[in-house]
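Number of protein chains: 2
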Amino acid sequence: MITDSNGVVRRRIEWTLLAKTEGGLTQAAARHTPAATVRRMTYELHYWPTIQGRGEFVRLALEAAGASYVDVARGAEDAGQGFPAMLRYLRDGKVAHPPFAPPFLKDGDVLVGQTAAILHYLAPRLKLVARSEQARVWTQQIQLTIADMVTEAHDTHHPVGAGLYYEDQKAEALRCAKEFCSVRIPKFLRWFESILVRNPGGSRYLVGGKLSYADLSLFQLVEGLRYAFPNAAERALAQAPKVVDLHGRVAALPRVAAYLRSVRRIPFNEQGIFRRYPELDVP
Amino acid sequence: MITDSNGVVRRRIEWTLLAKTEGGLTQAAARHTPAATVRRMTYELHYWPTIQGRGEFVRLALEAAGASYVDVARGAEDAGQGFPAMLRYLRDGKVAHPPFAPPFLKDGDVLVGQTAAILHYLAPRLKLVARSEQARVWTQQIQLTIADMVTEAHDTHHPVGAGLYYEDQKAEALRCAKEFCSVRIPKFLRWFESILVRNPGGSRYLVGGKLSYADLSLFQLVEGLRYAFPNAAERALAQAPKVVDLHGRVAALPRVAAYLRSVRRIPFNEQGIFRRYPELDVP
Chain A
67 MITDSNGVVR RRIEWTLLAK TEGGLTQAAA RHTPAATVRR MTYELHYWPT IQGRGEFVRL
127 ALEAAGASYV DVARGAEDAG QGFPAMLRYL RDGKVAHPPF APPFLKDGDV LVGQTAAILH
187 YLAPRLKLVA RSEQARVWTQ QIQLTIADMV TEAHDTHHPV GAGLYYEDQK AEALRCAKEF
247 CSVRIPKFLR WFESILVRNP GGSRYLVGGK LSYADLSLFQ LVEGLRYAFP NAAERALAQA
307 PKVVDLHGRV AALPRVAAYL RSVRRIPFNE QGIFRRYPEL DVP
Chain B
67 MITDSNGVVR RRIEWTLLAK TEGGLTQAAA RHTPAATVRR MTYELHYWPT IQGRGEFVRL
127 ALEAAGASYV DVARGAEDAG QGFPAMLRYL RDGKVAHPPF APPFLKDGDV LVGQTAAILH
187 YLAPRLKLVA RSEQARVWTQ QIQLTIADMV TEAHDTHHPV GAGLYYEDQK AEALRCAKEF
247 CSVRIPKFLR WFESILVRNP GGSRYLVGGK LSYADLSLFQ LVEGLRYAFP NAAERALAQA
307 PKVVDLHGRV AALPRVAAYL RSVRRIPFNE QGIFRRYPEL DVP
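Respectively, the protein sequence lines represent chains A and B. One gets the working numbering by counting positions in the first sequence from 1 and adding 66 to each. One gets the working numbering by counting positions in the second sequence from 1 and adding 66 to each.
Hints in this document: simulated from the structure, not taken from any laboratory. Wrong hints could be hidden among the right ones.
Identical copies look the same in the list; a pair holds intra-copy or inter-copy alike.
[Claimed, not checked] Only pairs whose alpha carbons sit at most 25 Å apart, straight line, appear in this in silico SDA-like list of lysine to any residue: (1) Lys193 / Pro333; (2) Lys160 / Arg197; (3) Lys276 / Ala228; (4) Lys172 / Val322; (5) Lys193 / Ala133; (6) Lys253 / Thr217; (7) Lys160 / Ala145; (8) Lys244 / Gly229; (9) Lys276 / Asp214; (10) Lys160 / Arg256; (11) Lys172 / Tyr271; (12) Lys244 / Tyr293; (13) Lys276 / Pro320; (14) Lys308 / Leu319; (15) Lys253 / Arg191; (16) Lys253 / Asp144; (17) Lys308 / Ala162; (18) Lys193 / Phe334.
Because the structure is a prediction, the values reported are computed rather than measured.
So here's chain A without its partners, still in its complex pose:
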């Protein structure tokens, strides 16, 4: 854990320094330049700075689209960013539409919370969803089903409640994870596989014949399952070849690949949603 945590912290400082070095910015880093230069076009993402968590679904959409954004809580406090900048929106009694929890997105005057709502809002702007209402609602439905599975994955290590440490609910977690690995992972993956097989637009994408944010989210879900439950995930994925293909295809998208290699991608760790506790996986 300490290694991971240190890794995260080191990387964060590195990224912050990089983002500040305005002279020598790479194109990838420039997309994250805050303030002055691209203010009006820059999205502000607010999320916990040391985990992928639910914020990662939004990061992936912004990265895959090459959008200009600031990952506010990971920025420097002396630049008006950092953790306090995020807390302000959660605590300021004057915010008319306060989010219940991170992640939330600020786009000019618009503040949007709830991962699925953020993606539904962003997707037409980032060209990550088809135009028809039917395609939009189907994409949203897939995202909400992914979100359900993400919640269940989280609850394997926190079945009693998020207010207690894992160590204080380990007995419950062992039972919960057993059910998740043996019943829920296969059931959800069967559904994702079946909708890929049935997609009238072909099995390369979840919706129609083009990349949507649902594809990015399914990629992230598979990443998380493979990290947290390597044995259970591989067993279930063996029955879901189209899901595996999609995961590989998304990982190879140039912008996504560049992001995954960058310091902006926070490594998985045991503070996030997907945690590697070997005792929770199947043998």
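With chain A's structure known, arrange chain B on it following the hints.
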């Protein structure tokens, strides 16, 4: 429990008979007349026939708007409805957009699953959401936060997994419910109260100055909490007077009041999401 269950069954038969008696239909019952007469304008709601569950959020929206709909799984099998009609969509390998689970809505050729997506789709058609994109996304965000709380309420009696009986996870449930009652109920209700207080359109509704589906859903959430956790709910609601007011205002809407008195409203029971297990409430 047996009384409740019997009650549900009795009421279901009664409603089915009523809906079939085409000659003497009341206006309220006519709205649910299937097939021939109003086919093109009739929504099909598919949900478990003996519980309120997540389907109730959709039922409330349809009822409050006076929409024509069929609660398919509660209909008669010899009229092509009933439980098998619902299962068909879940099991038919030819459905291109199969829902992962009930509830789902059929509107002509469109099939929509996931409660929040169904409501987002239905709301503009039922005039249960304001027109601006910002209002729509805020309403959706509130709905998703209500959905999160509904999931947590469900998990109090099924913290290990939905595949096991409550009796087989009671020890875990006791710990989970304690956390839910003492921490989560107050936290969620504080947020709902605060967004009512801050609503620039006034505190009578959650979004702007008009009824939206989020108001109906918050009504249902309060109903559920009061049923399942009467002590914890009353304690937390004492700090949330605007939520209590809203609940009362929704209950008094003529169409909602008529629905709540009708046989179409399934009573709470111990098969649904909100279950009254006194041991899970605070003393």
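**Item:** Same-copy or cross-copy closeness of lysine 253 to aspartate 144 [CA-CA at most 25 Å]
**Value:** neither (48 Å within a copy, 31 Å between copies)
**Message:** When Cα atoms must be at most 25 Å apart, do lysine 244 and glycine 229 count as within-copy, between-copy, both, or neither?
**Reply:** Both ways: lysine 244 and glycine 229 sit 22 Å apart in one copy and 11 Å across, limit 25 Å.
**Request:** Evaluate lysine 160 and alanine 145 at a C-alpha cut-off of 25 Å and name the case that applies: within, between, both or neither.
**Result:** within (23 Å within a copy, 55 Å between copies)
**Request:** Please work out whether the CA atoms of lysine 276 and alanine 228 approach to 25 Å or closer within one copy, between two copies, in both situations, or in neither?
**Result:** Neither, since 37 Å and 35 Å both go past 25 Å.
**Prompt:** For the identical chains here, do lysine 276 and proline 320 meet the 25 Å Cα criterion within one copy, between copies, both, or neither?
**Reply:** Cα proximity of lysine 276 and proline 320: one copy only (15 Å, versus 46 Å across).
**Request:** If the cutoff is 25 Å on CA atoms, where do lysine 172 and tyrosine 271 land: within, between, both or neither? Let me know, please.
**Result:** between (29 Å within a copy, 24 Å between copies)
**Message:** With identical chains, the pair lysine 244 and tyrosine 293 could be close in the same copy or across copies; at 25 Å between alpha carbons, which is it: within, between, both, or neither?
**Reply:** within (16 Å within a copy, 31 Å between copies)
**Request:** Classify it for me, lysine 253 with threonine 217: is the Cα-Cα distance of at most 25 Å met within a copy, between copies, both or neither?
**Result:** Both. Shortest intra-copy (15 Å) and inter-copy (19 Å) distances satisfy the 25 Å Cα cut-off.
**Intra- versus inter-subunit Cα pairing at 25 Å for lysine 193 with alanine 133** = within (11 Å within a copy, 34 Å between copies)
**Message:** Within, between, both or neither: how does the pair lysine 172, valine 322 come out at a Cα-Cα threshold of 25 Å?
**Reply:** within (22 Å within a copy, 36 Å between copies)
**Alpha-carbon proximity context of lysine 193 and phenylalanine 334, limit 25 Å** = Neither: 28 Å inside a chain and 43 Å across chains, both beyond 25 Å.
**Copy assignment of lysine 308 with leucine 319, given that the CA separation must stay at most 25 Å** = within (17 Å within a copy, 49 Å between copies)
Comparing the model with each numbered hint stated earlier shows that hints 1, 3, 15, 16 and 18 do not hold.
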